[in-house]
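S.K.: Starting from the given sequences, assemble the full structure and let the hints guide the process.
If you read the sequences in order, they're chains C and E.
In terms of full-length UniProt numbering, the numbers along the first sequence are unbroken and rise by one, the last being 350.
In terms of full-length UniProt numbering, the numbers along the second sequence are unbroken and rise by one, the last being 350.
Honestly, I wouldn't trust all of these hints.
Using 27 Å as the maximum straight-line C-alpha spacing, the simulated DSSO-like pairs for lysine-lysine come out as follows [said to hold, decoys possible]:
id, chain 1, residue 1, chain 2, residue 2
1, C, LYS249, E, LYS9
2, C, LYS88, C, LYS26
3, E, LYS245, C, LYS65
4, E, LYS91, E, LYS9
5, C, LYS249, E, LYS65
6, C, LYS191, E, LYS121
7, E, LYS182, C, LYS182
8, E, LYS65, E, LYS182
9, E, LYS245, C, LYS249
10, E, LYS91, C, LYS65
11, E, LYS112, C, LYS249
12, C, LYS121, E, LYS249
Since the hints were made in silico from the structure, they are not lab data.
A quick note: this is a predicted structure, and the numbers were derived from the prediction, not measured.
2 protein chains.
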Amino acid sequence: MSSAPKQRKFEGWAAMDSNAIKGEMKWTEYRPKEFFDDDVELEIQYCGICGSDLHTMSDGWGSTKGMYPQVVGHEIVGKVVRVGKDVKHLKEGDIAGVGAQCDSCMECVNCKNGEENYCSKGQTGTYCGKFRRTAKGSKSYGGYANYWRGPAHFTIPIPDNLDPAEAAPMMCGGVTVYTPLKQYGAGTTAKSVGVVGLGGLGHFAVLFATAMGADVTAITHSHKKTEDAKKLGAKQVIVTGDDIKAAFKGYRRSLDLIIVSSNAPNMPFNAYLSLLRPHGHLVIVGAPEEGTIPNVSPFNLIGSNVHISGSAIGSVKGIAECLKFAGDHNIKAWVKRYTMKDANEAVEAA
Amino acid sequence: MSSAPKQRKFEGWAAMDSNAIKGEMKWTEYRPKEFFDDDVELEIQYCGICGSDLHTMSDGWGSTKGMYPQVVGHEIVGKVVRVGKDVKHLKEGDIAGVGAQCDSCMECVNCKNGEENYCSKGQTGTYCGKFRRTAKGSKSYGGYANYWRGPAHFTIPIPDNLDPAEAAPMMCGGVTVYTPLKQYGAGTTAKSVGVVGLGGLGHFAVLFATAMGADVTAITHSHKKTEDAKKLGAKQVIVTGDDIKAAFKGYRRSLDLIIVSSNAPNMPFNAYLSLLRPHGHLVIVGAPEEGTIPNVSPFNLIGSNVHISGSAIGSVKGIAECLKFAGDHNIKAWVKRYTMKDANEAVEAA
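M.R.: Here you go:
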């Protein structure tokens, strides 16, 4: 495999401070990690805008501790333009993608079990992360950029039957809901699935759960998204409005699984739990910027043996499975396309 | 089957108000539910003192709304002295027990699945409950008494290889921890089990989990219970003391399952969750008198795909299985025996 020129100029839309989310990212050159034999480079074609990008640029989660400048974006799809000599599963010209995680220790029990997303030493995020395995200490840069460089293990081929533009948001948003839907048996042991929130994550949850054969109940705060929910495949829509007790009347113990994709603070978890059948699961995939899980009464958990959990993105295998499922089931993400030069406009609109 | 005299005099230690827990129960005659063809009567030999008895007498859970007079006790074992004509599985002279639940609708999907403890219409508690299936509206009276009368379906034979006195506290306390230990795979998929709190529930959790083949880590607030935990079978004991962070150092992601048997308010759930391996379960079986689950960060759930749930007592089948397991594994509950006439003294000491 011949190598492309070693010294590509890496440029991307950099957030210099928290004002970036107001559309003030700057096109900037930056230095990627050193290229190792198990790395690849992508010429970026598409990059989704994930909620995490905004939480990170605004430092809302506090997780990056103001690590600026930053180039966010972790729903990356592009053409493979350089391949390290130890890489077996990709070649130049392939279309491949990277999700929210671009490295892990590859040694712990979780990595060895194919669950890199739960690596004991923690993930290296695709942006604002630090590489620890190779190029130790180098900062990671995401996909609002011309090129991406990083470990091939986390770079996953896009199936031929999937539009690369639609695959992009599945690299993080899609797999984040696909993973718990599969884990908790959507369409099989969990026939009735609720989805709270209908943003990027929620819309994927309705699409995937429906394709898995579940009856989906969309739960949304206002009437505005009712039609969208139905178009996405929801069998029924509960609009919670201002009186959740009234809204949930008749729905007690009617769901097996609830995916909470909203990250609003102070969500009515006790009310959501009342919708679950015994042994049911409520899975949080959207993390709020502030606070803790509000006011859950232990009696609500005990009384029905229901579970609250959370789920973090997906493993490398999980992403590949999610992409295959989406291609095979002709799942169409609802995407609005912007050219890369209009990234500031896209971020403002997100 | 000949019937015993129809009009036994039912008498028990009645709480007349919340002072009862100070040792002020009064020996009182009361009227049990009407006897139906699917009922039995027990001559009570043993009755455990469950934490619920105290929460109920003090009205701490608010669940009985001050329903006095009340005769508590729902870890009942006695001799069958009267058998309704529709009862097949018991005969006069058998030794049998009743747990915390003595009736349910018997019609809903959960009852039909053998999960009466999650009956869609709710349980009839063995005391301070209202019968709804037969003798509608009658109040239920528990086991601090001479006799018990109620549905045979919830009256379970005590295996020959189990001491009836030790079986009594298993009817509620034992099965309450046995059920989630089995459900979440203690000793099989969950090799490492943590037990928070070493009271009635916690001591059973250590005994059962150890007998199931799990490595048990007892987690206790003070050194006082370290020796007991080891005698019960715990492989290691973590004393949390005043610096839980220091106490948990080195134990991150070391457990598959945690049974929280303590019902102290403001327990450090985030710290407990940090002890769980990915996909692990924390199960609450002790409900505090006040408040909600404190301060759980969604990031802690998401970051390891760990679960918080609760579990309510056990099904009829579950109790029978628990008693058989205890008999077969020679599990000895740590009981202190009082005669029934010293019930006030026993309650004060509990």
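S.K.: Work down the list of hints and note, for each, if the structure agrees.
M.R.: How the hints compare with the structure:
1. About 45 Å separates the Cα atoms of LYS249 of chain C and LYS9 of chain E, which puts this hinted pair outside 27 Å; it is violated.
2. Distance restraint check for LYS88 of chain C and LYS26 of chain C: the Cα-Cα separation of roughly 36 Å exceeds the 27 Å cut-off, and the hinted pair is therefore not satisfied.
3. Restraint check for LYS245 of chain E and LYS65 of chain C: satisfied, since their Cα atoms lie roughly 22 Å apart, inside the 27 Å limit.
4. Between LYS91 of chain E and LYS9 of chain E the CA atoms are separated by roughly 21 Å; this keeps the pair inside 27 Å, and the hint holds.
5. For the hint linking LYS249 of chain C to LYS65 of chain E, the alpha-carbon distance of about 25 Å falls within 27 Å, and the restraint holds.
6. Of the pairs offered as hints, the one joining LYS191 of chain C and LYS121 of chain E holds, with about 22 Å between alpha carbons and a cut-off of 27 Å not exceeded.
7. A distance of roughly 24 Å separates the Cα atoms of LYS182 of chain E and LYS182 of chain C; the hinted pair therefore holds under the 27 Å criterion.
8. Under the criterion of a C-alpha separation no larger than 27 Å, the hint pairing LYS65 of chain E with LYS182 of chain E is inconsistent with the structure, at around 34 Å.
9. This hinted pair does not check out: LYS245 of chain E and LYS249 of chain C have alpha carbons roughly 43 Å apart, beyond 27 Å.
10. With a C-alpha separation of about 71 Å, the suggested pair LYS91 of chain E and LYS65 of chain C falls outside the 27 Å cut-off, and the hint is violated.
11. Simply put, LYS112 of chain E and LYS249 of chain C have alpha-carbon atoms about 24 Å apart, close enough for the 27 Å limit, and the pair holds.
12. In summary, the hint linking LYS121 of chain C to LYS249 of chain E is supported, as the alpha carbons are separated by about 15 Å, within the 27 Å threshold.
Hint compliance for this structure: hints 1, 2, 8, 9, 10 are not met, and every other hint is.
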